[in-house]
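S.K.: One letter stands for each residue in the lines below.
Number of protein chains: 2
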Amino acid sequence: MSHTKIDRAVIVKLREKYRAELYDNVLPFWIKNSPDREFGGYFNCLDRDGRRYDTTKHVWLQGRQVWMMSRIHNELHRPGENSPYLDMARLGAEFLRRHARDGRCVYFSLTREGKPTHLQRKIFSECFYVMALAEYARASDDDSATAEAREMLSHVIAYAKDPSLLGRPSYAHVPPTSNLAVPMILLNLIQEVNGADGTDYADLAAWCVNRMHLHIRPELSLVLETVGVDGNVIDSPEGRLVNPGHAIEAGWFMLAHARRVRDAAMARTAIKIIDWSYDFGWDEKHGGILYFLDSAGYSPVQLEWSMKLWWPHCEALVAFIMAYQETGDDRYFRKFERLTEYSFSKFSDPEFGEWFGYLDRHGEVNQRFKGGPYKGCFHVPRALFLVEKVLGELLAPNLGMQSLDVIDKSQI
Amino acid sequence: MSHTKIDRAVIVKLREKYRAELYDNVLPFWIKNSPDREFGGYFNCLDRDGRRYDTTKHVWLQGRQVWMMSRIHNELHRPGENSPYLDMARLGAEFLRRHARDGRCVYFSLTREGKPTHLQRKIFSECFYVMALAEYARASDDDSATAEAREMLSHVIAYAKDPSLLGRPSYAHVPPTSNLAVPMILLNLIQEVNGADGTDYADLAAWCVNRMHLHIRPELSLVLETVGVDGNVIDSPEGRLVNPGHAIEAGWFMLAHARRVRDAAMARTAIKIIDWSYDFGWDEKHGGILYFLDSAGYSPVQLEWSMKLWWPHCEALVAFIMAYQETGDDRYFRKFERLTEYSFSKFSDPEFGEWFGYLDRHGEVNQRFKGGPYKGCFHVPRALFLVEKVLGELLAPNLGMQSLDVIDKSQI
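Chains A and B, in that order, are what the protein sequence lines are.
The first sequence: position 49 = 45 (the numbering used here), numbered continuously.
The second sequence: position 20 = 16 (the numbering used here), numbered continuously.
Calculated directly from the structure, the hints in this document are not laboratory data.
It cannot be assumed that every hint is accurate.
Copies of one chain are not kept apart here, so a pair can be met inside one copy or by any two copies together.
Unchecked claim - Result set (DSS-like, lysine-lysine): computed pairs, CA atoms no more than 27 Å apart in a straight line:
{"no.": "1", "residue 1": "281", "residue 2": "342"}
{"no.": "2", "residue 1": "157", "residue 2": "111"}
{"no.": "3", "residue 1": "157", "residue 2": "1"}
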């Protein structure tokens, strides 16, 4: 535990850096290159310079961009007020509502015109649909979008609690497993649907936290992606898989929830899993956070395990500045600074805007595009937005988000 | 066209190198580490030193190892004669026949005991099942295995000609596509089921060659993995995808078929696609064959595109020594030599046997294991075996496989 005070001027300068990156480098890339004014929605497959290399519309990214544009609108404008962000959000929200749903399911990808091309038997398209409409409802002052978000969330909850509804084949002799992604995204969705002050879905949130605890393994000082639903560790590549960026994201979702429910023990756990996962995932040789690891030290079977992806770094930026805000422990601020240095120098593209998404282990750009089937207007601007807010709160500690002073800081 | 004669001593030395690698370094790794004497079949997830890190039995690799062990037996022994290779082949063949089938389908993966854990809606498990039983039938002198191979092949053919039978969802507005893997693997299966002299399935072979021609694009000097079934090029990452190793493998399958049917034009085409694909896929910066490329120069969306995998190099070794044998053009021999130098120095592990499978772009080992969900006892020993045979034929040109002297060599 260390409490050297961080110089106020350092925080002021960082805040300015994050604000400029968000509003001058990242958001303009999407506002300029992504809108499809002819068919609605966004082009999300955009090359380094913003030119599109595919017209497929991936629904995760349509939903996430609606959320992001709505969130920025809600930060800067009143509900329903004209703004370029609300205009962008509407373009995507209307496209989604018109084309992406098929009853209780949401497609994974659509043609440019909005015809379905792929349906996954997973819950994530549905989740990003919920997230999009929940925030868009606040931006546009449209209660019908709130209602639709809550209705779709009810289907997501049903799928999460009984995955057999998704129609994936299962075998009686294969014990059911829990995937970390499901409780963590649901916990985040609850926060999104509730908005700043809501307290609905409390039982579901408790279920999510309990599920997440199955994945948190103090005996390993690690978070495992997949465990048995009875909490047993599975001795296979799947059961030993660690995704540090994912665990760090789970950590800050849990920390945000702990603040809402004022649970200091939960906040401590959240910060612990952030710290474990970063320490396990940081590549001492080349810098950056590795994508996948095996808890027992075997080579992960995922070919891309050693790559450095933008989103784990985005999640870690948010997580460590929140951990610092929560505890005042400057070790977290140092990790935040190290991550800022790595991320801005390796991922950010000052020439054409936005961040590269995929570096090889050595830190060289492996994919030059800015948008693809799994990268869009989301992780980078969300991280910049959230970090900038926390930095602002650190400068004005009596405003905005509060840390849980109930935490016994000596125990962290 | 160049016809500098390759020194006989060079070929003698290379043949010895390949033979030693096969019989002293590669096969012993599998014979020592893979057999499961308790439940049958093979452990195929083996770490660098041969220790297993997962007991899942991946059916592609069970089938391929049965094929390989049977093939070696058939080279060295009489049908049904006792040999360690036949013993190994039997261990896998009996396990497959007992556990891997469910009617017309073959599972993708099984537990150690043989219970199913995954069924793919693709045809490849079925293909490797056919390949395994066809060669095993010759090794064991078991006609029932031949019959079963042919019966399963009939299901594969039905799936290949009408993919809707696999139960994958499709949309009326999405035009059907052709995947290069399907006709090329079928063409190879026909050769495997027919054995050395058979001529069955001639119509199917013609269908395969026609389908492969949809993928061969002289206007690009490339082979595309996915095209419309009417032969149109699809302008998307999927439609622009080039997998040089796969195209090179298709090339030598086609060259082997051209020899059987004595079609010189087809042989020329086969060698052309080998050469195109190698030239497009060779990484001038770091050496080795890249895994995926985009025909228009965009970054492939596959994260692992820049990696160097063992199997494209194995396929290229076979393809170029066959191209040299066919044409006498020493440019092919030089490429074969360059590939030999890269592959033996980067992939081979003299300490523990077998080859590493996955290098990063720089040529560093990215996955240390020797066997995994997609790597087993197949590509390395098959390539070593086939190359050693061709080198032997080059030393005794009147024995064994014949080249098509009808080729007008000036046109290549």
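S.K.: Indicate, hint by hint, whether the structure satisfies it.
M.R.: Hint by hint, here is what the structure shows:
1. 281 to 342: both (15 Å within a copy, 21 Å between copies)
2. 157 to 111: Answer is between; shortest inter-copy Cα gap is 26 Å, intra-copy 30 Å.
3. 157 to 1: neither (45 Å within a copy, 70 Å between copies)
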